[in-house]
Each structure stands twice: as C-alpha cells, then as structure tokens.
Amino acid sequence: QKEVEQNSGPLSVPEGAIASLNCTYSDRGSQSFFWYRQYSGKSPELIMFIYSNGDKEDGRFTAQLNKASQYVSLLIRDSQPSDSATYLCAVNAQGSNYKLTFGKGTLLTVNP
Amino acid sequence: GAVVSQHPSRVICKSGTSVKIECRSLDFQATTMFWYRQFPKQSLMLMATSNEGSKATYEQGVEKDKFLINHASLTLSTLTVTSAHPEDSSFYICSASSGGISTDTQYFGPGTRLTVL
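Line order of the protein sequences matches chains A and B. The first sequence: position 65 = 65 (the working numbering), numbered continuously. The second sequence: position 109 = 221 (the working numbering), numbered continuously.
If you are wondering where the hints come from, they were derived from the structure by calculation, not from laboratory data. The reader is advised that the hints may include incorrect statements.
Said to hold, decoys possible - Under the rule of at most 35 angstroms between Cα atoms (straight-line distance), these lysine-lysine pairs were calculated in the DSBU-like manner: (1) A:42 with B:153; (2) A:56 with A:67; (3) B:153 with B:176; (4) A:104 with B:167; (5) B:167 with B:178; (6) A:2 with A:56; (7) A:67 with B:178; (8) B:176 with A:2; (9) B:167 with A:42; (10) A:104 with B:132; (11) A:104 with B:178.
What the hints assert, rightly or not - Here are the in silico distance ranges between beta carbons for each label pair: (12) A:14 with B:185: 42 to 52 angstroms; (13) A:8 with B:119: 30 to 40 angstroms; (14) B:122 with A:82: 33 to 43 angstroms; (15) A:15 with B:141: 37 to 47 angstroms; (16) A:15 with B:151: 30 to 40 angstroms; (17) B:155 with A:29: 16 to 26 angstroms.
We treat Cβ as the ideally placed atom computed from N, Cα and C, and that holds for glycine.
All chains should be modelled from the sequences, with the hints used to inform the complete structure.
Here it is, written out as structure tokens:
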C-alpha cells in the first residue's frame with residue numbers, strides 16, 4: 001500500500017524563523033510531488049510541485065526532493081503568522097490515473 | 113493559476129433528499145476530476161476519480177449508487193448525494209487536473225459544506 005508520512009505536529013515557530021516540513025513516501029515509482037496548504041475550514045491550495053531531485057524555490061518557499069531517500073521537504077523562510085495552517089504533502093505515482101496520495105498533514109503555527 | 117469553482121458553497125437539506133454539487137474548471141480543460149470528502153480534523157479522503165465521457169472510478173467503500181458522479185464535459189463534473197442522511201454531512205471538495213506527466217497537478221475547488229438534518 002502506497003503511503004505518505006508526515007509529522008502531524010503541531011510545529012511551532014516564531015515569526016521570521018524558517019519552518020521545515022518533512023514528508024516521506026513508500027512508493028519508489030512516485031514521480032510527482034506536491035505541497036498544499038489548507039487553512040482551517042478551507043480547501044487545499046497548491047504551494048509548489050517538484051519532479052526532479054534537488055531544490056526548487058518560489059519566493060519564501062523551497063521544496064527539496066531526494067528520491068533515493070524517498071524524502072521531500074518544504075522550507076518556509078521568514079515565516080509569517082499568515083502561514084499558520086496545515087501543510088499537506090501529496091505524491092503521484094506513475095500509472096495511478098493521476099491520483100494523489102496525501103499525507104495526513106502537519107499543523108504549523110507561527111507565533112508573532 | 114488554474115481556477116476551479118464549486119457550487120453551492122454550503123447546503124443544508126433534509127434527510128432523504130438528494131443534493132447536487134457542481135465542480136467547474138474555469139480556465140483550463142480538466143481531463144480528470146476528483147471528488148474528496150473531509151470530516152472535521154481529519155485528512156482528505158478520495159471518493160472517486162472521473163474522466164470526461166466515461167464512468168467514474170470509485171474508491172473502495174464508497175457507494176457508487178449513493179454518490180453519483182457525472183463528468184459530462186472537460187470543464188464540468190457533478191456529484192449527487194442521493195437520499196442523504198446525517199452521516200453524509202461533511203465537507204466535499206473537488207479537484208481538477210489537465211492530466212499528463214508534468215501537467216498532473218490537481219487544483220482544488222473551494223469546497224461544499226453539506227449539512228443533512
């Protein structure tokens with residue numbers, strides 16, 4: 001069974017710090033990796049996707065992928081209180097009809 | 113970015129009635145749409161995958177006769193909850209994907225909160 005694991009948290013960081021969110025996955029055939037943010041009572045919104053090993057940066061967000069270790073992470077620099085949300089890691093495997101397997105999410109709290 | 117809408121955003125109905133939820137991709141063609149359900153403080157649960165012009169594929173444990181899905185066009189999918197009961201009360205979220213490697217990103221609609229009395 002394909003699994004995506006995340007630390008449920010809560011992860012608490014002070015405003016301005018770097019928040020580091022981690023995710024591991026079990027299926028070595030996974031090809032696409034996504035980070036979504038979900039505020040309480042709202043639907044998920046896409047933050048970033050990454051397909052290749054290494055780092056991908058977009059503004060204050062950096063996604064890191066290491067396929068050998070089956071590990072993907074999200075770094076949030078200069079964390080703001082508005083970043084407080086649940087962060088969902090999602091993985092798409094080849095042949096899955098584009099279905100995503102989601103982790104249960106990590107709750108991030110950024111303290112002013 | 114890609115925009116997905118859902119209608120209605122909130123619905124309250126009586127037990128035994130049917131409720132239809134629409135999901136539209138506004139600025140792209142969605143070859144595949146997905147329907148999820150989320151109970152409070154729980155993770156997303158995929159209910160079904162629908163491809164335009166073909167029957168939906170339901171996840172194990174999801175009753176296809178209770179949750180009717182139609183994907184009539186590349187921009188519209190509907191979920192009908194038939195004979196709704198209070199235990200069907202949940203947050204229903206659709207997502208849409210244009211499909212294909214490097215274009216398999218799912219974009220989520222804002223969700224529909226269903227309350228069955």
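Hint check:
1. Restraint check: the Cα-Cα separation between residue 42 of chain A and residue 153 of chain B comes to about 12 angstroms, which is no more than 35 angstroms; the hinted pair holds.
2. A C-alpha spacing of about 14 angstroms is found between residue 56 of chain A and residue 67 of chain A, which places the hinted pair at or below 35 angstroms, so the restraint holds.
3. For the given pair, residue 153 of chain B sits about 25 angstroms from residue 176 of chain B by alpha-carbon distance, which is consistent with the 35 angstroms threshold.
4. Proximity of residue 104 of chain A to residue 167 of chain B is assessed by CA-CA distance (about 29 angstroms); at most 35 angstroms being required, the pair is judged to hold.
5. For the suggested pair residue 167 of chain B and residue 178 of chain B, the alpha carbons sit about 15 angstroms apart, so the restraint of at most 35 angstroms is met.
6. Simply put, residue 2 of chain A and residue 56 of chain A have alpha-carbon atoms about 25 angstroms apart, close enough for the 35 angstroms limit, and the pair holds.
7. In summary, the hint linking residue 67 of chain A to residue 178 of chain B is not supported, as the alpha carbons are separated by about 40 angstroms, beyond the 35 angstroms threshold.
8. A threshold of 35 angstroms between alpha carbons decides the hint, and for residue 176 of chain B with residue 2 of chain A the separation of about 23 angstroms falls inside it, so the pair holds.
9. Restraint check for residue 167 of chain B and residue 42 of chain A: satisfied, since their Cα atoms lie roughly 28 angstroms apart, inside the 35 angstroms limit.
10. Taking the CA atoms of residue 104 of chain A and residue 132 of chain B, the gap is near 28 angstroms; set against the 35 angstroms cutoff, the hint holds.
11. For the hint linking residue 104 of chain A to residue 178 of chain B, the alpha-carbon distance of about 26 angstroms falls within 35 angstroms, and the restraint holds.
12. Range check, residue 14 of chain A to residue 185 of chain B: about 49 angstroms between beta-carbon atoms, so the 42 to 52 angstroms window is met.
13. As the Cβ distance of residue 8 of chain A to residue 119 of chain B is approximately 32 angstroms, the hint placing it in 30 to 40 angstroms holds.
14. Taking 33 to 43 angstroms as the suggested C-beta distance range, the pair residue 122 of chain B and residue 82 of chain A does not conform, at roughly 24 angstroms.
15. The supplied range of 37 to 47 angstroms is met by residue 15 of chain A and residue 141 of chain B, whose beta-carbon atoms lie about 41 angstroms from each other.
16. Evaluation of the 30 to 40 angstroms hint for residue 15 of chain A and residue 151 of chain B yields a pass: the beta carbon distance comes to about 32 angstroms.
17. In this structure the supplied range 16 to 26 angstroms holds for residue 155 of chain B paired with residue 29 of chain A, their Cβ-Cβ distance being about 22 angstroms.
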